Structures are given as structure tokens and as C-alpha cells.
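Protein sequence lines, in the order shown, are assigned to chains A and B.
Residues in the first sequence are numbered consecutively from 1, following my numbering.
Residues in the second sequence are numbered consecutively from 1, following my numbering.
It is worth saying that the hints were derived from the structure and are not from the lab.
Honestly, I wouldn't trust all of these hints.
As the list claims (entries may be wrong) - Each computed EDC-like pair below joins lysine to aspartate or glutamate, with the alpha-carbon atoms no more than 20 Å apart:
hint, chain 1, residue 1, chain 2, residue 2
1, A, K398, B, D307
2, B, K44, A, E67
3, B, K44, A, D177
4, A, K416, B, E321
5, A, K416, B, D351
6, A, K367, B, D306
7, A, K352, B, E321
Here the structure is a predicted model, which is why all the values come from computation and not from measurement.
Listed here are the chains, written in short residue letters.
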Amino acid sequence: MNQTVEQVNQVIQQRYKAGFYTDIESDRVRAGLDEEIIAMISAKKEEPTWMLEWRLKAFHHWQTMREPNWAHLKVPAIDLQKIHYYAAPKQKNRPKSLDEVDPKLLETFDKLGVPLHERARLAGVAVDAVFDSVSVGTTFQKELKEAGVIFCSFSEAVKDHPELVREYLGSVVPYSDNYFAALNSAVFSDGSFVYIPANTRCPMELSTYFRINARDTGQFERTLIIAEPGAEVSYLEGCTAPMRDENQLHAAVVELVARKKAKIKYSTVQNWYPGDENGKGGIYNFVTKRGDCREDDARISWTQVETGSAITWKYPSCILRGDRSAGEFYSVALTHNHQQADTGTKMIHLGKDTTSKIISKGISAGKSNNSYRGLVRIAKRAANARNYTQCDSLLIGKTCGAHTFPYIESANPTAKVEHEATTSRIGEDQLFYCRTRGLDEEDAVAMIVDGFCKEVFKELPMEFAVEAKALLEISLEGAVG
Amino acid sequence: MSALIDSLATEARLPADDHAEVRRRAHKALLKHGFPDLKTEAWKYTSLRVLEKRAFSDQRPGLSSLPELPFAATVLHFDNGILDATDLNLPAGVSLQPQTDEKLAAVDHGDRAGAFGWLNLARFEQAWQLRIEGQQEQPLVLAISTAEDFHGDVHPRLAIELAAGATAQIIEVHEDRGEGLVNIVQDIALERGANLHHLVSRHSAQSAWIQRSEAKVARDADYRFHALDRGGRLTRHDLAVTLTESGAQAEIDGTVLVNDRQHVDFHTAIEHEVGHTNSRESFRILADGSGVGVFNGRIHIHRGADDSHSDLNTANLLLSESARINAKPELEIYAEEVTASHGATIGQLDDQALFYLRTRGIPADQASALLKQGFAAAPFENIESESIRNWLIGELGQLL
Chain A
1 MNQTVEQVNQ VIQQRYKAGF YTDIESDRVR AGLDEEIIAM ISAKKEEPTW
51 MLEWRLKAFH HWQTMREPNW AHLKVPAIDL QKIHYYAAPK QKNRPKSLDE
101 VDPKLLETFD KLGVPLHERA RLAGVAVDAV FDSVSVGTTF QKELKEAGVI
151 FCSFSEAVKD HPELVREYLG SVVPYSDNYF AALNSAVFSD GSFVYIPANT
201 RCPMELSTYF RINARDTGQF ERTLIIAEPG AEVSYLEGCT APMRDENQLH
251 AAVVELVARK KAKIKYSTVQ NWYPGDENGK GGIYNFVTKR GDCREDDARI
301 SWTQVETGSA ITWKYPSCIL RGDRSAGEFY SVALTHNHQQ ADTGTKMIHL
351 GKDTTSKIIS KGISAGKSNN SYRGLVRIAK RAANARNYTQ CDSLLIGKTC
401 GAHTFPYIES ANPTAKVEHE ATTSRIGEDQ LFYCRTRGLD EEDAVAMIVD
451 GFCKEVFKEL PMEFAVEAKA LLEISLEGAV G
Chain B
1 MSALIDSLAT EARLPADDHA EVRRRAHKAL LKHGFPDLKT EAWKYTSLRV
51 LEKRAFSDQR PGLSSLPELP FAATVLHFDN GILDATDLNL PAGVSLQPQT
101 DEKLAAVDHG DRAGAFGWLN LARFEQAWQL RIEGQQEQPL VLAISTAEDF
151 HGDVHPRLAI ELAAGATAQI IEVHEDRGEG LVNIVQDIAL ERGANLHHLV
201 SRHSAQSAWI QRSEAKVARD ADYRFHALDR GGRLTRHDLA VTLTESGAQA
251 EIDGTVLVND RQHVDFHTAI EHEVGHTNSR ESFRILADGS GVGVFNGRIH
301 IHRGADDSHS DLNTANLLLS ESARINAKPE LEIYAEEVTA SHGATIGQLD
351 DQALFYLRTR GIPADQASAL LKQGFAAAPF ENIESESIRN WLIGELGQLL
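Input sequences plus hints: build the corresponding full structure.
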């Protein structure tokens, strides 16, 4: 078995493939966080006054808050005054189409496997690419427009669809929600905006790719997805950053609104730079993601594959407000070296006959710590609510940690809540069995871990399932397929 | 929280005796940390509001009654929380002595979450040390009871030591009729190969009943715990079992019944400090009326405690529209070659089972009582002594 652990370690130590840096001139505001900076960001984005007012309200509220410390994480002090809250690649004029986008940027996204230009058509996925603080291009805008779908950067949405942004911004994650959401509300720079009109099935998968490039910056994007009654959309999100010795902060907010019978599927492959094998550098990832099944029969599904970031603090949640609404959470979280992850979900059952399902798979290796933290709350009026939770952890090596902290709160006597969790290592008997069938140890481990994650992978859209699998290959080949 | 400090922990109320220094230290720690509130993670489901509103009196209440037990036992009666140690007739191998200052001076109850431990150390009147050697055939009963006019606060402190190879059964019977605060701290130590069956049967009326039991289990020793909590206005029991040497083993089983205006919070923690240790836990709450039941069960397998195995299961029944149950099973694992698992459910009586019983001519209320009894009794099925098992199940039957 030792041999396997060694093999695993060897492969895990493969370099982070997205760790390159693009040398591009960037325009950034001075470091620091104050009202002036916020006004500068707002001015750069040519925002209306109401938007600036909202940002300032958030900032003032944030000043009264303290950093949360309840998670199972050791977070070094983050000096928020040293961060540049806005950095954008310099562009003479705002590009009207992808052809006008700086080729260096296109090349960057190409290298990351996110083709933005015409051949992207072959992939059939509409992409919004966010580079540091701004969106550099969104593909397939025309095709989407024909279907009535709005898919654009957040800044464009503020300009072109202010009524929608005003109505929904902060309606799921108010700026007062938590420390990092308040910070994001004050300084967010860009992100994606999606609006699916009633009874429309989005004709293609939508995708946003986030890239942190500039030094000493943070990324604070905001995503808002609105699905009108009967609408359906599948949205994919990916992220990477260069390898650096210092830590960078990423504090995003994602809000989903699903109205009557609407369906939103949100998938993430998170591959921020995790730091080196000594725990130096890496992204601090503090993200607030929440979906609101606002009306009856709405459905929101979160799928995440978390392999990157030095620290992950992330709980994609569902508020099941409408009767018969449903929430799902599928997660694979892999930590290695000195990575720390405290991630899970919250399912808040408010409506009658609401259902939720949580499948969480944690894999810890190296000196990392991986925690599942989840809340299932059944409110008094949530008659016949139903939850099923399964969280399994796999330990590889003697120096890592795997933890499970589920909170189960029920106030309705007709509700049923079930939770099960297991923690184990790969069984000798399983390995032995595979080897008797002629598999070598490496393939056997790969097969077992692939099986361990299968329930989650099968929830990913095809395009992402391939990427997720490839990512785990990089991180855990020899142990993971 | 200052109301609680004023009513319970002002310096003026500290008993004056030989332990003055120990008390002063505890009092200082308590003032420093304060009492927990809903923001304190370990107390997030249990509010101390009931206590804050209460005025405590120092007047001695009348004699509390001794429970009647259907089995032969040696009984130590803590009348209103105070043990009269004169004329005790202890069996051979059992000795009772006051705890030494030296031992008390080393006590550490941690931060705010352990505030009641500090309060106990600041205000205890008696701190006993019970040592048990050899095979004790007869159970030892610690009866802690309060009288109807009990409006004070009492802080029993007891260390229980089982010598190497000793076997004993300690049954705590807690009967409350008063309206004060009973705040118990127990340190339990099982030396090598010792075997302790520790059982708590509790019924609290209006008093807040707070108990902290810490057990350390050495090589090849076996600690078994059973609890039957029949509800109380505000009950909180923290049970921490540490498996300190290989071969140590712990089993925890419990049932909690809560009804109108009752709140019972059980926090258990099993620490696997070294490898080759095993634990198992099964806990059930039945919440009816406007009762609130809280269960937090933590399993912590430390770094290097390889080849440890642990399983925790909590099944809960929510029986009325105003009742609430909060469950939090936790796993914290740092070792390899372990198996650790937990399962938790919150639900209601099975309609099909009810229907089946009714087709057999059993009226609905009786049918549901039968199912509840069966559900609540399950954690006691593994008690070897038939008389004790039947006694607990009988107590259940009276309530359900």
C-alpha cells in the first residue's frame, strides 16, 4: 500500500498547469479599500447612481462586521488595504466583437482550454470570459438574443438592463448577509448576468471562465441568474490563476432566482491556484452562492468539483420557498499539500413538499484538511419536506484530515430527514480484488476513486465532466482516474 | 449575560473555606470568559434565558425524597445536591474522600463553552473522590434529588476512579422537584482493564440541570454509558469520553423524551487519542408538545490514532407541530486506516406500522404508544441486568 501512496504523491505533485502569467498591460486602481476606491470602480464602469449608493451601503455595513471564524480553517490575517480592488487589461476601446479583443487575451483563454473565437462554435457552449476585474468577451450573443436569452457581463447588464438588475440584485444574498458578501457587494467589478425569459429553454450551455492574472489583486465577481416561470438553463463556471508566492483573495457572490417551474443547473469546476507543496501562495476562496426557488415547482441544482485554492470557504445553498420546489447539491472536493477546504451546502426548506438531496465526496491527501459543513433546516410550515444527505470522505496518507459537520434542524413533524456519513481509506480488500482481476495497483486505485466520485460526475454536463475528470487526473493520477 | 453573573457568580456568594484559592481562580476564569450565548457554537441551540430570569436563594430547602428502586443497591443520597457522608455503609473496595486542593488547582474547563464547569469550581460545597477496586457486584446508586422548595444553586463535584481491573456499575438517579440550578461536574477515570457501566436516569422539573461528565479510558478498559432523560425545563449534559490507550473502548446509548416547555440538550464527544480504539454510539430523541431536543455527537480521531473504529447513530421522532429537534453528528478524522461513520434521521412514526397495529384491533392511541415505546426502548436492549433494563423500560412506559 505504501507504494500506492508514493505513486499518488508523485502524481499529485505535478505542476499546476494553469499557473502561467500573461504579460499584458493592465489598468488598475491604487491599493486600498475606502469610499473613494468604491466610487472609482463605479465610475470606471460608468454605473448609475443607484448602483454606487448600493455599493456604499454595503461598504458601510461591512465596516461593522467581523471576519467569520467558525469554519474549520486556519486563515492567516488578510490585509484588505493592500489589495488592488480593480485591475483590467488595457484596451483602447471597448471591443465590439471578439475579433477586436487583444489576441494575447484570446491566447490566454485558448491555453486554458477555453476557446473564445469562432471555433468555439464547435464546442457549442456560450462563454463569458472574465480576466481579473472585467469581462473580456462573451460568445454567441446573437444566437442567444434570438431566443430571448440575455447573457452578458454584469457591467453591461447594469447599463442595458438596469430594471432587472435593480429588482434582483441582493434579493437572494443581501449585502448584509456575511462579511465576504458585504465586501463583494461594495467592490465587485464584474461577473456574468443571465436572464432566461418565461417558458424558454436556453438553447445552449452557458459558461463563465474566471481568470485572475494581475499581481496583488483580488477578484470580486458577481453572478446573477434569473429564470422566469418555466425557463431552463444550465450554467458552467471555471476558474484558474497564475502560480505566485503570495496569496490572493477571491470573494464572489452568486445569486440564482428560479421562478415557477423554472430549472437552474449550476456547475463549477474550481481550479484556482492551490499553492505549492509547502503551502506557499494560492488563492483564498471565500464565496457565497445561493439559489432561491422562489415559486412553486422550481428546481435548483448545484454541482461542484473543487480541486484548487489554498483555502475554500463555500456553501452553495438552496432556499426552497415555493411548494414542491427541489434543491440538489453534488460535490467532489479534493485537497492536497496544505490546502484547506470547508465546504458544503445549506438546504432551507420553507415550502410544503419540498425535497433536497446532498451528495458530497471529500478526498484528502498530503497535509490538507477537508471539511464538509452542511445545514438542513425544515421550517415549521414545510410539511412533508424530505431530505437525503450522504457525505463520504476518503483519506490518502496519514497526515491529512477529513471532517464532517452536518447541522440538522427540524420543526415539522411530517418532514423526513436522513443523513449518513462515512470516512475511510481505500480498502485493502477492494485493491486486492481489483488486482486479482489483472489491474495494476495504480489503475485499481484510479478505478476505486473514480467510482467514489461517480455519483457527482454524472451530474456534470458533458463538457465539464471531461474537464473535471482531467483535473482529477492531474491532481491524483495514480490514485484517481 | 451579566444578569447571570450577578445572580450566580458574584464574589459575595462564593463559599468561604479551605478551597478559597481554587475558587478565586475559577471565579476569575468565569468572569473572563462569561456565560455562553447562542453565538457560542456549543450552545447555539440552548438559550440560558430561563436561568437569567431566576432569583436564587441561599435558604436550605426541606428534605428531598429518595427514589424507589426495584433492585438492591448501595445508595449515596445527595439531598438537594449535598451528600451527608456520615454513617455511610460502603462495600469493601469502595472508598469516598474529599478531593484534594492539589487536584482541583489543576482543573481547566476551557473557554466560554465550559463556563458551568468554572461556575461549579467557584461555588462547589463538596468535591468528592470515589475510588472503586475489585469486582463490585451490587450497583452503586448516586441519587441526586431536590425538594419542592429548592430555589438555590448547587454544584456537586465528584471524581470517580476505577482501579485497574475493577468492575462496577454506577447508576445516577436524578429527581428534581425544585426550581433552582443543579450543576454537576464529574471526572471519571478507568485504569487499565477496568470496566464501568455508567447509567443516568433523570427527570427534572423546573430546575436547570447542567452536567459535565468527562471520562478517561485507559488500556483495554471499557466504558459503557446509558442515559434515559425524561425531560426538564432546561437540561444540558456534556459527556466527553477520551480513549487514551489502545484497546480502550466506549459505548454510549441514550434516549431523551421532551414534552411541553422542556428543553434537553445532549452533547457527547468521543476522543480517540490513540489507535486500536473502538467506540459506538446510539442516541434517540422523542419530541412532543412544545419540547425541544438537541443532540450533538462528536467523534474525533486524533493524528496517529490509526486503526480506530467508530460508529454513531441518531434516530429522532418529531411528534408534534410545535416540537423541534436539532441534531449535529460530527466527525473529525486525522488518522489513516480508520472507519468512522454516522447516520442521523429525523422523522415520524411509520404510518404502515400504525396501520398494521390497527388492523389487529389496537386503538390508534395505543398503537402509537406501543411504537413510541419500542423506539425509545431500543438503546436499553443491550443492558445485561434484566432488573435494571426492565426498570428503565418501565419508566419509559409511564411516560409514553
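Verification of the supplied hints:
A hinted pair counts as satisfied when its Cα atoms are at most 20 Å apart, and A/K398 with B/D307 qualifies at roughly 11 Å. Distance hint between B/K44 and A/E67 is fulfilled; the C-alpha atoms sit about 19 Å from each other, no more than 20 Å. For the hint pairing B/K44 with A/D177, the CA-to-CA distance comes to about 19 Å; that is within 20 Å, so the pair holds. Taking the CA atoms of A/K416 and B/E321, the gap is about 14 Å. The hint holds against a cut of 20 Å.
In summary, the hint linking A/K416 to B/D351 is supported, as the alpha carbons are separated by about 13 Å, within the 20 Å threshold. Distance hint between A/K367 and B/D306 is fulfilled; the C-alpha atoms sit about 16 Å from each other, no more than 20 Å. For a cut-off of 20 Å, the pair hint linking A/K352 to B/E321 stands: about 14 Å separates their Cα positions.
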